[in-house]
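Engineer: We have chain A already, so just place chain B on it with the hints.
Chains A and B supply the protein sequences, listed in that same order.
77 is the number that the numbering used here gives to position 77 of the first sequence; each next residue is one higher, with no gaps.
252 is the number that the numbering used here gives to position 252 of the second sequence; each next residue is one higher, with no gaps.
Hints are computed from structural coordinates only; laboratory data are not their basis.
It should be emphasised that the depicted structure is a prediction, and the values quoted were computed from it without experimental measurement.
Honestly, I wouldn't trust all of these hints.
Quick list of in silico lysine to aspartate or glutamate cross-link-like pairs, EDC-like style, CA-CA up to 20 Å [claimed, not checked]:
#1 B:Lys124 x A:Glu64
#2 B:Lys124 x A:Glu53
#3 A:Lys54 x B:Asp229
#4 A:Lys54 x B:Asp271
#5 B:Lys124 x A:Glu61
To be clear about the criterion: a stretch of chain B counts as covered by chain A if any three or more of its residues have a C-beta under 8 Å from a C-beta of chain A, and this derived list gives those stretches [claimed, not checked]:
#6 190-196
#7 212-219
#8 238-250
Some chain B residues close to chain A (C-beta under 8 Å, calculated; not the full set) [stated by the list, open to error]:
#9 Leu199
#10 Ala200
#11 Gly235
We put the CB at the ideal spot given by N, CA and C, even for glycine.
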Amino acid sequence: MSPHDLVLHRLQHLASTSLNMHLAPGELAALTRLDEVTGLDSLAILEFVSAVEKEFGFTLEAGELRVDFLADLPALAKYIAARPGPAC
Amino acid sequence: MAPQPSRPLVTPKDIVWLTLLFPATWLTRLLPLSWLYPLGDALAASRAALLRRSRKGLLRALSAGLDADPASPELHAIAAQFIRNRILCHLDDLLIVHRFPDLHWPNVEVVHLDYLTQALSAGKGALLLNGHFYASRVAKRYLAATGFRSLSVRNHAPPYWAVGQFGNRFLRQRFTAFLGAVLGDEVSSSDPDCSLKMLARLRAGGLIDYYVEARISREQVTRRVLGRDRTYAAGFLHVARLAGCPLVPMRCAGNSRRLRIEFGEPFELQDAPDRRTFVETNMAVILRNLEEQIKSNPAEWYLWAS
Numbered sequence: 001m002s003p004h005d006l007v008l009h010r011l012q013h014l015a016s017t018s019l020n021m022h023l024a025p026g027e028l029a030a031l032t033r034l035d036e037v038t039g040l041d042s043l044a045i046l047e048f049v050s051a052v053e054k055e056f057g058f059t060l061e062a063g064e065l066r067v068d069f070l071a072d073l074p075a076l077a078k079y080i081a082a083r084p085g086p087a088c
Numbered sequence: 001m002a003p004q005p006s007r008p009l010v011t012p013k014d015i016v017w018l019t020l021l022f023p024a025t026w027l028t029r030l031l032p033l034s035w036l037y038p039l040g041d042a043l044a045a046s047r048a049a050l051l052r053r054s055r056k057g058l059l060r061a062l063s064a065g066l067d068a069d070p071a072s073p074e075l076h077a078i079a080a081q082f083i084r085n086r087i088l089c090h091l092d093d094l095l096i097v098h099r100f101p102d103l104h105w106p107n108v109e110v111v112h113l114d115y116l117t118q119a120l121s122a123g124k125g126a127l128l129l130n131g132h133f134y135a136s137r138v139a140k141r142y143l144a145a146t147g148f149r150s151l152s153v154r155n156h157a158p159p160y161w162a163v164g165q166f167g168n169r170f171l172r173q174r175f176t177a178f179l180g181a182v183l184g185d186e187v188s189s190s191d192p193d194c195s196l197k198m199l200a201r202l203r204a205g206g207l208i209d210y211y212v213e214a215r216i217s218r219e220q221v222t223r224r225v226l227g228r229d230r231t232y233a234a235g236f237l238h239v240a241r242l243a244g245c246p247l248v249p250m251r252c253a254g255n256s257r258r259l260r261i262e263f264g265e266p267f268e269l270q271d272a273p274d275r276r277t278f279v280e281t282n283m284a285v286i287l288r289n290l291e292e293q294i295k296s297n298p299a300e301w302y303l304w305a306s
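One chain only, chain A, in its complex shape (with noise of 0.2 Å):
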């Protein structure tokens, strides 16, 4: 598994477990996109940041605080692999 897998795994189940979600592992895989997730609001979202900042152990930018940004789980796993330090 590359890191960007490995990272777009554990960020599929922190979506899943943060937002409530409890999907069975074959769902979880499909698990792309956040916004389109029934029932995801801004506070939802928000605990998504909270579940991510702390796996991870980094502090998201102000510029980066977008559902658009957050939502999109590839891209966002492809983000966190690339930042330097112990993230993966």
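Structural biologist: Just chain B now, with coordinates in the frame of chain A:
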């Protein structure tokens, strides 16, 4: 929002909106300030006198909230001042939108600004806990003009029950835009990025102006405040928790000619073993403070009639 078929075609609220958005706007643009203030005072006094006999609903709400006799002269004085404040608040809104550079803030008292500056000195921003006071908007603009710019969180689609079909169809959007222009720097509570924008502002060391009586949130609490059960949004607590920012209570009174802004000692959020207890514990403290603020100056709080 589509108008409800059962609503009347035109209501008094529609007339108020129409007056504000058109003739009052034209007058505000044209007349000198030295004419506008006396005009506002005269209108406020005449409106308070005109409504002397028809303000039973307001007196009932004040009586229940303040646990006072509805026939008492003190309560009638509060009701009259409440009505005058409403007119003067409309005037200030018009002045902010159309004559802002002309405002000179002749008489402003800011009490305990040190609470705010100390809260901001940690670099984690601060959440101003404001209430729906008549002077809140003008206070926000005064603070912005003096270096304390804040982002307001606002419900862009509140249920205006008193608005008729005409107001809903032709005035509502304009009125929403007008209030947006009054606030100047705002985010809609229904914006999917709302919490993230709040967090970004706090992390940049900035200020959020938050109205505690807000109701729109996935997470709410219901508590007895001012004599009846009311529901409050609690989502802002999670934004503050994540930002690690202090919450600074703020009380505003008066208008652009005589404005008083008082900051209270900042609240530090109390940790709790679970999410629900966290919300209940912290909201209890915040709402107790709000209730005390309103009771100490009831004519300044404009949600009595709602």
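Engineer: Which numbered hints does this structure break?
Structural biologist: The structure conflicts with hint 3 only, although it agrees with all the remaining ones.
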